[in-house]
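K.L.:
Please work from the sequences and hints to get the whole structure.
Number of protein chains: 2
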Amino acid sequence: MSVSPLDSSTVVPIALGDRSYEIRIGAGLLDHAATWQDLPRAATALIVTNDRVGPLYLDRLRTQLASRYGRVDAVVLPDGEQHKNSDSLDRVIDHLLAHAADRKTVLFALGGGVIGDLAGFAAAIYMRGVPFVQVPTTLLAQVDSSVGGKTAINHPRGKNMIGAFYQPVRVVADLDTLDTLPARELSAGLAEIIKYGPIADADFLDWIEAHLDALLARDKAALAYAVKRSCEIKAWVVGQDERESGLRAILNFGHTFGHAIETGLGYGAWLHGEAVGCGMVLASELSARLGLMPASFVDRMSRLIERAGLPTRAPALGLPRYLELMQVDKKNEDGDIRFVLIEGLGKAVMRAVPHDLIADTLAAHLDPSPVPPPPTAS
Amino acid sequence: MSVSPLDSSTVVPIALGDRSYEIRIGAGLLDHAATWQDLPRAATALIVTNDRVGPLYLDRLRTQLASRYGRVDAVVLPDGEQHKNSDSLDRVIDHLLAHAADRKTVLFALGGGVIGDLAGFAAAIYMRGVPFVQVPTTLLAQVDSSVGGKTAINHPRGKNMIGAFYQPVRVVADLDTLDTLPARELSAGLAEIIKYGPIADADFLDWIEAHLDALLARDKAALAYAVKRSCEIKAWVVGQDERESGLRAILNFGHTFGHAIETGLGYGAWLHGEAVGCGMVLASELSARLGLMPASFVDRMSRLIERAGLPTRAPALGLPRYLELMQVDKKNEDGDIRFVLIEGLGKAVMRAVPHDLIADTLAAHLDPSPVPPPPTAS
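Chains as they are written, first to last, in this note's numbering: chain A, 1 to 378; chain B, 1 to 378.
Simulated from the structure, these hints should not be mistaken for laboratory data.
We treat Cβ as the ideally placed atom computed from N, Cα and C, and that holds for glycine.
Any given hint could be a false lead.
Unchecked claim - No farther apart than 30 Å at their CA atoms in a straight line, the calculated lysine-lysine pairs in the DSS-like style are these:
no.: 1; chain 1: A; residue 1: K347; chain 2: B; residue 2: K104
no.: 2; chain 1: A; residue 1: K159; chain 2: B; residue 2: K104
no.: 3; chain 1: A; residue 1: K104; chain 2: B; residue 2: K159
no.: 4; chain 1: B; residue 1: K347; chain 2: B; residue 2: K159
no.: 5; chain 1: A; residue 1: K220; chain 2: A; residue 2: K347
no.: 6; chain 1: B; residue 1: K347; chain 2: A; residue 2: K104
Unchecked claim - To be clear about the criterion: a stretch of chain B counts as covered by chain A if any three or more of its residues have a C-beta under 8 Å from a C-beta of chain A, and this derived list gives those stretches:
no.: 7; region: 26-37
no.: 8; region: 155-168
P.N.:
Laid out in structure tokens, this is it:
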């Protein structure tokens, strides 16, 4: 069992040579002038946010940045994954061009993973790269998408098909912004936190089990530790494999099933974290059926994921559809279906799995209710 | 004086850690199987070319790649700088997506700088980066745009506004492809070769003067040495400053005036290399007027640039227009007009220059004839 957190403010340094940066984690960071010190100087800052987060935090961020940048603009995009597209990207780029923003201009991504991915990609390609700061306001973005330098937009033919690896100059994870997060999104973020235990740190899995109620109650000290440890583990993995050639794949524990569920139900029916939560139950089951873990591990993961408010039963998409969806997953370059599995607590491995084992695994955790039709696009 | 070239085939290694690559320079490379050995394996290769270069070399490249890749596709874009835009980029990206190209797919940029910049940018952002190979078929691309990792497309509001720093896995500069290059484009490439002398290597400037007739006659041994030495110098500069924060700016010798001329006349009236040639005369004059170089240097540069078939007299755009165009140049972030100047042969420096000195410099090298109207867009 790890040491309990002692305070609610901390820093995770990300060592990437001349692209190193800090993740600052804590309550009240947004309104502290010190949070924004030592950022690159520029004539202009541009805040990219959405119409849900903007009304809550845009003015406060603008106030802090006004003393640092001569001009602080904002682009407020419609909220939602369906807007992580080239139209939204064009709005950001066109704003920069229309205001003759130079290559020192600093972009601030104020919002969840969608805003971070999109603003990060805009920063990556505007004049071949301008500095950007991540200000993640969802738990998922704080523990996942704000670390690792992945930026992207979606294409009608697939998620994250157009993007770049591009590092922020700072990440500011203000835990107070989680107070306004819907409970369902808090749970979705917990799925990624839980993930870091089995793939990399058995002690952290113990800690999460012991502190899950505090996390659900949005206790700042518990959140600070959970975010910090998650970022540390992700940074450790990414630091060894920045461009996702090997080890980084272990971060996809639960994601192969998860992506199939997301696509099979139609994007938006389940949150990404919900699909990953259920996917982790299924991947744990596969690990047990291959003899890599005891059956008790599956029960332990199921209980924890359920306590976190996440689904643990697979939607009845039918085996052929699952296989089809997992085979086209872009991580499967050679046509095999490979899964991230657990081989001893805290250690992940990649394994190709026979179809009959996938069938048995789905059957063992199936939700027999009929699958509702996909949500209509808004 | 440097050693004379001994053969017409050579390799310049570019050391960039895990992104290191080779520039292979020589006659007949395109049709040699060895040229394409040891490239990344993949199911698919995509050749991006244009409708001028494609008919000359596409089938030959395709033949070589067919033994290495299961599927070799091609996207043939219309020729010309005006097509280095988001429509052409979309055509490449859509082709990749429509054929479910995975992240191992290798892109080949067969053409000049426009194709290299565009295909390189497509490679940079497709699935956050796939390997790409530069096959430059113009002298300018062989000595300039194929080294340094700059990729980009143009935007109606400015050239190269959207792009990325992204390195190829190999550059293949087949000198035989220069046999089909129009004389005017050969001269434009010579402008960038000449540039490397005064900014970095006085001996190379001597060598160019001694071998200019051979270069104009497309002698392969002379071209091999000129391309090799240019790539070595550019690689040396870029290696110390990959992301253009300081030293790399010396590669812009002649470019501040050059960009003003290009924009002032309307893109396409003068080739980039022609504008840079004239820009180098003007920047040499500024260097002399600031006492950094003797007046004889201006004569020497003028003579060489003229012998290379390049313009040496500045179009009569008027001083206010020149100042306006140079002030909005995106290299000038703080509003000052800064120039790359020569301070002793082989050494470049950055200097802010007063307006009256710019006026005198333009007056000393002005072409008094009226400026023709900009060419109409095709």
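K.L.:
So if I understand the rule, the pair passes when the alpha-carbon distance is 30 Å or less; does K347/B with K159/B pass?
P.N.:
28 Å, holds
K.L.:
Can the region 26-37 of chain B be counted as covered by chain A under the rule of three residues or more with Cβ-Cβ separation shorter than 8 Å?
P.N.:
Violated - the region 26-37 of chain B has 0 residues with a Cβ nearer than 8 Å to chain A, which falls short of three.
K.L.:
Within a Cα-Cα threshold of 30 Å, do K104/A and K159/B meet the stated pairing?
P.N.:
17 Å, holds
K.L.:
Quick one, are K159/A and K104/B close enough, alpha carbons at most 30 Å?
P.N.:
Given pair K159/A, K104/B holds - Cα atoms ~17 Å apart, limit 30 Å.
K.L.:
Just to be careful, I want the Cα atoms of K347/B and K104/A compared with a cutoff of 30 Å; is the pair within it?
P.N.:
Cα-Cα ~27 Å, so holds.
K.L.:
Check the hint pairing K347/A with K104/B against an upper bound of 30 Å on the C-alpha distance.
P.N.:
Status holds; Cα separation ~27 Å.
K.L.:
Please count how many residues of the region 155-168 of chain B have a CB within 8 Å of a CB from chain A and say whether that reaches 3.
P.N.:
holds (count 9)
K.L.:
Can you confirm whether the C-alpha distance between K220/A and K347/A stays at or below 30 Å?
P.N.:
Holds: K220/A and K347/A sit about 29 Å apart, inside 30 Å.
In terms of the numbered hints stated before, the structure departs from hint 7 and from no other.
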